[in-house]
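Please model the entire structure based on the sequences and the hints provided.
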Amino acid sequence: MNEKRSAAYRASVTVGLVLAVLSIIEYFAAIYLHSTVVIFLLALFKAVAVLNYFMHVSRLWTQQEGH
Amino acid sequence: MSAVAEQIAAHGAVHEEAHDHVEAHGGNALEQLRNNRMGLWLFFVSEAFLFGGLLAVRFFLWGETRPDVNQLIGLAITSVLLISSLSMNLGETAMENGDRRTFSICMVITMILGLVFLFGVMIFEWGIFPSIYQGHETPWGNVYGAVVFAMTGMHALHVISGVIFIYIVWNLGRKGHFSPESHWGVESCAIYWHYVDLVWIFFYPALYLIGTPVH
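Protein chains in written order, with this note's numbering: chain H, 91 to 157; chain P, 33 to 247.
Certain hints may be false.
From the structure, some residues in chain H lie toward chain P, with a derived Cβ separation under 7 angstroms [said to hold, decoys possible]:
| hint | residue |
| --- | --- |
| 1 | 97 |
| 2 | 100 |
| 3 | 102 |
| 4 | 106 |
| 5 | 117 |
| 6 | 126 |
| 7 | 129 |
| 8 | 133 |
| 9 | 135 |
| 10 | 137 |
| 11 | 139 |
| 12 | 140 |
| 13 | 145 |
| 14 | 150 |
Short, incomplete list of chain P residues facing chain H, as computed with Cβ under 8 angstroms [stated by the list, open to error]:
| hint | residue |
| --- | --- |
| 15 | 68 |
| 16 | 70 |
| 17 | 83 |
| 18 | 101 |
| 19 | 105 |
| 20 | 122 |
| 21 | 230 |
| 22 | 233 |
I should point out that these hints are in silico values taken from the structure, not numbers from a laboratory.
Each residue gets a CB set at the ideal place from its N, CA and C atoms; glycine is no exception.
Structure, rendered in structure tokens:
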């Protein structure tokens, strides 16, 4: 149980770190690239990560109970 | 002998009946959970029209320009909301695994970070305390101020309702509600909070990053 819990916490923190890194890249992309497309693509990656890992959108069409 | 067999059969029937009952009950609960999730996501779809409309307004009215906002402040308040999303996810994971203490701590942290984000927007974007920080725009000043206030205002309303939602769920959890097997309240609260974060993921670049600053 503890192992499972630790793994779940690790996964959450990893997703959080990915989101943080993408946000920083987005910030510098805005300063140096001035590309709307690049900025929105980065935002889209972040949105997909949040939808998939934090909002568990896949639970809508899988048999996964979640709890 | 036949009496014993009868007894075993009766016991078996009772057991089977109980099993059926549990299965039916569990099935209903699962069905209910799926319906709850679908309902919540349909609500998000309807909300997406609202926020999508605001984004469309921003690009229609501002085009390739934006107000001269402080990008570092934008990054700072975005980071706060991002960290709050992480703490909310950790709280939900904690409840899924029966770790009530971590759940409680994470919910409190999420609430605090939500309030920090809210006050960050109010102080640094709206300038409601000019003695602390002079705001950039006013809602009636020009097209930039009007859009900034419409977007951040609508988002802030959702942050406020999210913080209230988190408080209710945290308080119920503190009183012993929810369990690893049944915690739809926690799950829905977490998904709602992540939705608030998801909206900001698109609002942040639209407000702070895209376009040439106009003085």
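Cross-check of the supplied hints:
1. 97: At 10 angstroms from the nearest chain P Cβ, residue 97 of chain H fails the 7 angstroms test, so the hint is violated.
2. 100: With Cβ-Cβ at 10 angstroms, over 7 angstroms, it is violated.
3. 102: 5 angstroms, holds
4. 106: Result: holds, 4 angstroms to nearest chain P Cβ.
5. 117: Holds: closest Cβ of chain P sits about 5 angstroms from residue 117 of chain H, inside 7 angstroms.
6. 126: Nearest chain P Cβ about 5 angstroms off; hint holds.
7. 129: 5 angstroms, holds
8. 133: 5 angstroms, holds
9. 135: Since the shortest Cβ distance to chain P is 10 angstroms, the answer is violated.
10. 137: 5 angstroms, holds
11. 139: 9 angstroms, violated
12. 140: The hint holds - residue 140 of chain H has a Cβ within 7 angstroms of chain P, the shortest such distance being about 5 angstroms.
13. 145: 5 angstroms, holds
14. 150: This hint holds: residue 150 of chain H lies near chain P, its Cβ roughly 6 angstroms from the closest one there, short of 7 angstroms.
15. 68: Because about 11 angstroms separates residue 68 of chain P from the closest Cβ in chain H, which is outside the 8 angstroms limit, the hint is violated.
16. 70: Interface hint status for residue 70 of chain P: holds (7 angstroms vs cutoff 8 angstroms).
17. 83: This hint is violated: residue 83 of chain P lies away from chain H, its Cβ roughly 12 angstroms from the closest one there, beyond 8 angstroms.
18. 101: 12 angstroms, violated
19. 105: With a minimum Cβ separation of about 12 angstroms from chain H (threshold 8 angstroms), the hint on residue 105 of chain P is violated.
20. 122: Because about 5 angstroms separates residue 122 of chain P from the closest Cβ in chain H, which is inside the 8 angstroms limit, the hint holds.
21. 230: 5 angstroms, holds
22. 233: 5 angstroms, holds
This entry does not satisfy hints 1, 2, 9, 11, 15, 17, 18 and 19, going by the numbered hints stated previously.
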